[in-house]
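**Student:** Chain residues, written in single-letter form:
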Amino acid sequence: MTTIKERAQDFVQVDKRDAKLALAHIYVAFIALLLGGLAGLLQTLVRSGQFTLPWGIGYYQVLTVHGVLLGLILTTYFIFGFQIAAVSRTSGTLTNKQRTLGWIGFWTMTIGTTAAAIMVLLNEASVLYTFYAPLQAHWIFYVGLALVVVGSWIGGAGQIGKYIEWRKANPGQPSPLLTFMVVVNLAMWIVCSLGVAVEVVFQLIPWSLGWVDTVNVLLSRTLFWYFGHPLVYFWLLPAYMVWYVVIPKVIGGKIFSDSLARLSFMLFLLFSIPVGFHHQLTEPGISSFWKFLQVVLTLMVVIPSLLTAFSLFASFEIRGRALGGKGLFGWVKQLPWKDARFLVPFIGMVAFIPGGAGGIINASHQMNQLIHNTIWVTGHFHLTVATTVVLTFFGAAYWLIPHLTGRVLTKQMNRLAIIQAIVWTVGMAIMSGSMHIIGLFGAPRRSDFSTYGGSEQAASWIPYQIAQAVGGTILFIGIILVLYIVANLIWFAPKGQTEFPVGEVSENAEKTPMALENWKIWLTICIALILFAYSVPVIEIIRDAPPGSKGYKLW
Amino acid sequence: MHMHKYEKWWLTFGVGSLVLFLVIVGFSAFHYGSHPPSDKVYIDPERVDEIAPFNNPGVHKVEGKDWDYEAVIVASAFYYNPPEIEVPVGSKVKFIVTTKDVVHGFQAAGTNINMIVEPGYVSSYVTTVDKVGEYLILCNEYCGIGHSSMMSMLKVVE
Chain A
1 MTTIKERAQD FVQVDKRDAK LALAHIYVAF IALLLGGLAG LLQTLVRSGQ FTLPWGIGYY
61 QVLTVHGVLL GLILTTYFIF GFQIAAVSRT SGTLTNKQRT LGWIGFWTMT IGTTAAAIMV
121 LLNEASVLYT FYAPLQAHWI FYVGLALVVV GSWIGGAGQI GKYIEWRKAN PGQPSPLLTF
181 MVVVNLAMWI VCSLGVAVEV VFQLIPWSLG WVDTVNVLLS RTLFWYFGHP LVYFWLLPAY
241 MVWYVVIPKV IGGKIFSDSL ARLSFMLFLL FSIPVGFHHQ LTEPGISSFW KFLQVVLTLM
301 VVIPSLLTAF SLFASFEIRG RALGGKGLFG WVKQLPWKDA RFLVPFIGMV AFIPGGAGGI
361 INASHQMNQL IHNTIWVTGH FHLTVATTVV LTFFGAAYWL IPHLTGRVLT KQMNRLAIIQ
421 AIVWTVGMAI MSGSMHIIGL FGAPRRSDFS TYGGSEQAAS WIPYQIAQAV GGTILFIGII
481 LVLYIVANLI WFAPKGQTEF PVGEVSENAE KTPMALENWK IWLTICIALI LFAYSVPVIE
541 IIRDAPPGSK GYKLW
Chain B
1 MHMHKYEKWW LTFGVGSLVL FLVIVGFSAF HYGSHPPSDK VYIDPERVDE IAPFNNPGVH
61 KVEGKDWDYE AVIVASAFYY NPPEIEVPVG SKVKFIVTTK DVVHGFQAAG TNINMIVEPG
121 YVSSYVTTVD KVGEYLILCN EYCGIGHSSM MSMLKVVE
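Residue numbers (the numbering used here), protein chains in the order written: chain A, 1 to 555; chain B, 1 to 158.
Here chain B stands alone, though its shape is the one from the complex (with noise of 0.2 Å):
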């Protein structure tokens, strides 16, 4: 098919584009492992309670992993558990969660954690804290009437 000379530019110069762009993000996501969340650990969400690490919510120090810390929380309507986390700044912590009950949405305003928890499934991300503040933790996949009002607080400290 013909193409005019300006478009057989215009075309050259998007392409070239897109493929530039894509080949960043690729290199980013398989060089670096910068990866949104996409675990494929699984768990009974009827018996959350019962199974580790979410029988005891809560933030843990670890040895011996990529990690320094690891933050296990458990979502159900309309709650966080635990209600607070609180790091030292400059930690790498990983951010373990699931939901007793339906989909909820985690994160943590003003930082890139931000996963799907989805029953059955368990979600992490690891991340460096790397600013002093308080984060706030919301719920931003509908999950009912209490949608808005489920929360915690991430602070990372001195």
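Bound-form chain A, shown alone (with noise of 0.2 Å):
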């Protein structure tokens, strides 16, 4: 046991201006939340086939807003709340310089996604967020969310720039590891948010303004994907974040590695960018000796997971046996259950365990036919983001914002998080589970009810469907909890000091290698995986373009 005495040396308070910017990234996540969770239960009402939409509202702008605001505004921007946050708990108070470039980003994202939403909601922009060209969209649409991908970069440098004073302070040490792993998704970020960046402003933007006619279609889903897939590593690795660094200490325990941690991470970085083509796998002009290429740079990432698995049972494993856990299993008892600090986000890492299996089936080249597009990859997707990632996210706001607002996450908002997150899991394994069973059978994503005319095959997907709408709805009930806690943690929890827990590393662990911090080897070696990956079949796909497209507004 520690003193008070020593817990107070321990307790490190984020810097008053800096948890207000953290703050200011935390609320609109949450209102994300709110307006994306109703988007995504009058979805699965209206798929259900027992609701339509009332006021002309189309199903593919409510799927838009769904797939904008959970998908990219809740998580880029609750990422955000947490990395600044992260940075000036482990590296120190951000200068006025870094606190400014924050702010800059924060609003430089907030209007393009104001502008983006107006023109969802005057239904000028139904492409859904992967843009869909020919599909044409309100240039409005793409300057909002070029907007928000600059922005992004703006706030990134921030935190950056923290790092890199921090790296200039302590020449010869390794930094503090939550700031490393912060700069590492942000460099991952940034090299990926390039693709889409040049697909919107080169493409996309002309195009809809008419400065240009046609549009090359296959180049820009191939620029989209350069950047769709590393956007979901994106999501994970605050996730991860998590778990390596917080999660420890949470439940009392050490960081089983520092190194390990380090180096998943650069791996994370390696292989999550050269692995677009596996979300093309159906597409032609693409050739399949390409495609296999990408397929096996997508497995690779099954090493770092593999790392991740084996840290973070070790450490539960270690602080179980020394609580007194005997025999196989008998330290599993010993883990803080009650905590839900620890159990939501350990739902999570559960969650991930069959998220992860069907992700390998997804990106597994020619077994992707027969889940391409189906529904069973919106069951997925919803394992790995809207579990995994989303309640490792819940998890952490239920001490992180309380340290930011100087409050205390009381026993009886701990116990409610913890039936949110039962709620969650319930309502995800009929829904996610639903997806999975008739996504094998054919029915397909993003697409409205349909009786196909009467075809036996999808009379017999509607039963599943009204599951999801069930599902679904008891996820929105999961939503209405969390946004009670949370908004109890801003406004009206007892005030008190909460602790941001930064796990220690093991005593066992080794001396961290400095070639691990070396940006110059890892930045040259992510960058020629791209060049290898993507280099030939984009020059085969500009070169051998058919003639372009011109835009089309077909909702």
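Be careful, since some hints might not be right.
Said to hold, decoys possible - Calculated pairs, DSS-like style, for lysine-lysine (alpha carbon to alpha carbon, straight line, at most 25 Å): (1) B:K92 with B:K40; (2) B:K40 with B:K61; (3) B:K100 with B:K40; (4) B:K100 with A:K553; (5) B:K40 with A:K511; (6) B:K92 with B:K61; (7) B:K155 with B:K94; (8) B:K100 with A:K254; (9) B:K65 with B:K92; (10) A:K326 with B:K5; (11) A:K249 with A:K338; (12) A:K511 with A:K249; (13) A:K249 with A:K495; (14) A:K411 with A:K333; (15) A:K511 with B:K61; (16) A:K326 with A:K338; (17) A:K550 with B:K40; (18) A:K495 with A:K338; (19) B:K8 with A:K254; (20) B:K100 with A:K550.
In case anyone wonders, no lab produced these hints; they're calculated from the structure.
Two independent chains are provided; combine them into the complex using the hints.
**Tutor:** Structure below.
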């Protein structure tokens, strides 16, 4: 047991001004959760066939809202809020310049989001968040989303600035683990979002403004998926930060190994980008050799995932045994199951086992044909993103928000948070389970309710679509519960100090090799892999391109 | 970098499984030719109706090729032409599809026939239809307001 005095020394409070910046991001994230979640509920209700949207609202309009708000806005804003707090907590208060960059980034992203949202609401941009050229949205939609990306670069520069400052002040020393992980995630984000920025700025904006008549469709899709897959790792890595660095502290243990944690993050940087073709496996115009090559690179992420699983369960077991757990599995009982900060992300980790296995199927070259664009894929990422990542973010919010607002999570709120996670698990099991099943039967994703002219196959899907609506409704109750807890932590919870838990590295772990922090090496390998995987096929896509496509507005 | 003994075993087992898995997928792809549809055949999307074989959509019996039938299909918002494809069970069929406008997703539910159709490209897939039945052909890539009413029917008959 640490004494009260030692605990007071341990306690590091994120500076108030940094807290304000982090909270601004977190507020937007939870507003996006409410609106995007409502859109998701409506989709499941419509697709059950029992409900139609009022006031001429379109299904695909609602689907665009759901995808953009939850896939881009909730995630990016929560991640930035968390990362700003994490850098400030572990590398020291931001300088005024770094914080100003954070605010400029925040407002740039928020103006962009608002502009894009207005176009979606006016039904000028029902192109879904994957854009789908040659469907052509209003140019303001594209400019809005470009601003979101540019804003994230500006805000990210503030966070990276702190890391550079720390390294200069502490030569020859490994940087704080959490800050290092933030910088890896930002490096990946910047490298991958260049692809979507090129697509939007050089292809979609000039085309939607009428400056050019046609667009190279395959090139636009390739640039999108160059960004679209690392995007999911951009969501996942902050969850990994919580698992690697925060959870060991929450359970009272130590980080198993600092160097393995850094190594697995660097492997994610390498193997998350040159892999976008696995989203395009059934597309013409890309030869199967390059598809297979990217399939191999995609599945390399199995290695850091295995490293992570080992490290996490090693910390759990070491801690459980230290608390007196006996036998092969006796330590499991010793873990703090009644602590929402542990249990909620833990459920997320468990969901990643079926989520990851489904992902291997999706990325497996010819096996992809069975499930490509079926609702199986929707079921898959509702496990990985909407359960693993989102539950980890909820679990983090339960200490992050009170830390930043100077309040505490009461026992009642802790219990409610556990109930929330159970509600989420039940709702998701029903919804994602039915999506997986009818996906295997061939039911399509991103589709309005349809009986397909009385097709027997389509009729057999309807009971599962009703089950999706039941699951979706339970999940929406879960959203209301989490928003209730978040509102409590922002405005009503008792004042007090809440810890931002940051684990210490186990004394048995090896010293961290500085090579892991040599960006020249890692960025060079990263860019070399991208050039290797993409150069030839992209040159072919441009050189052999058929006549381009004019824009269509078919919604 | 030092690693725990168990971690070495774990990684060896995991990476070994991964390599075996990739070898199986790769062998099936490159030895048996089981690749996802990846044609590099180009077409002017504005002139699809004038260009063979798309000037004559439908099922055609062919001789002297590796397959028995060619099912030629033109996709456009929000139709497949022809609206019905009938082939005898056990025959080898090449599905040849292109689009006149936006991207569509050509899929026969309950089969492996599943390919993206992009303006300017021809997509094709050869398969043996070995089970009698009616298979719903739908569009699985969002193409606009009528996306979920876009359909055709693959009838595999005795």
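**Student:** Now, for every hint given, state plainly whether the structure supports it.
**Tutor:** So, going through the hints one by one against the coordinates:
The straight-line distance between the Cα atoms of K92 (chain B) and K40 (chain B) is roughly 21 Å, inside the 25 Å bound, and the hint therefore holds. Of the pairs offered as hints, the one joining K40 (chain B) and K61 (chain B) holds, with about 24 Å between alpha carbons and a cut-off of 25 Å not exceeded. For the suggested pair K100 (chain B) and K40 (chain B), the alpha carbons sit about 17 Å apart, so the restraint of at most 25 Å is met. For a cut-off of 25 Å, the pair hint linking K100 (chain B) to K553 (chain A) stands: about 14 Å separates their Cα positions.
Between K40 (chain B) and K511 (chain A) the CA atoms are separated by roughly 52 Å; this puts the pair beyond 25 Å, and the hint is violated. Note on K92 (chain B) and K61 (chain B): the hinted pairing holds, with a Cα-Cα distance of about 10 Å set against a maximum of 25 Å. A distance of roughly 15 Å separates the Cα atoms of K155 (chain B) and K94 (chain B); the hinted pair therefore holds under the 25 Å criterion. The straight-line distance between the Cα atoms of K100 (chain B) and K254 (chain A) is roughly 60 Å, outside the 25 Å bound, and the hint therefore fails.
The hinted pair formed by K65 (chain B) and K92 (chain B) meets the criterion: a straight-line CA distance of about 10 Å does not exceed 25 Å. At roughly 21 Å between alpha-carbon atoms, K326 (chain A) and K5 (chain B) fall within 25 Å of each other, so this suggested pair holds. Of the supplied pair hints, the one linking K249 (chain A) and K338 (chain A) holds, its CA atoms being roughly 15 Å apart against a limit of 25 Å. Proposed proximity of K511 (chain A) and K249 (chain A) is supported: the alpha carbons are some 20 Å apart, at most 25 Å.
Between K249 (chain A) and K495 (chain A), the direct Cα distance comes to roughly 23 Å. Compliance with the 25 Å bound is thereby established for this hinted pair. A C-alpha spacing of about 21 Å is found between K411 (chain A) and K333 (chain A), which places the hinted pair at or below 25 Å, so the restraint holds. About 70 Å separates the Cα atoms of K511 (chain A) and K61 (chain B), which puts this hinted pair outside 25 Å; it is violated. Of the supplied pair hints, the one linking K326 (chain A) and K338 (chain A) holds, its CA atoms being roughly 20 Å apart against a limit of 25 Å.
Restraint check for K550 (chain A) and K40 (chain B): satisfied, since their Cα atoms lie roughly 21 Å apart, inside the 25 Å limit. For the hint linking K495 (chain A) to K338 (chain A), the alpha-carbon distance of about 22 Å falls within 25 Å, and the restraint holds. In summary, the hint linking K8 (chain B) to K254 (chain A) is supported, as the alpha carbons are separated by about 21 Å, within the 25 Å threshold. As the CA atoms of K100 (chain B) and K550 (chain A) are separated by approximately 11 Å, the hinted pair is consistent with the 25 Å bound.
The earlier numbered hints that this structure contradicts are 5, 8 and 15.
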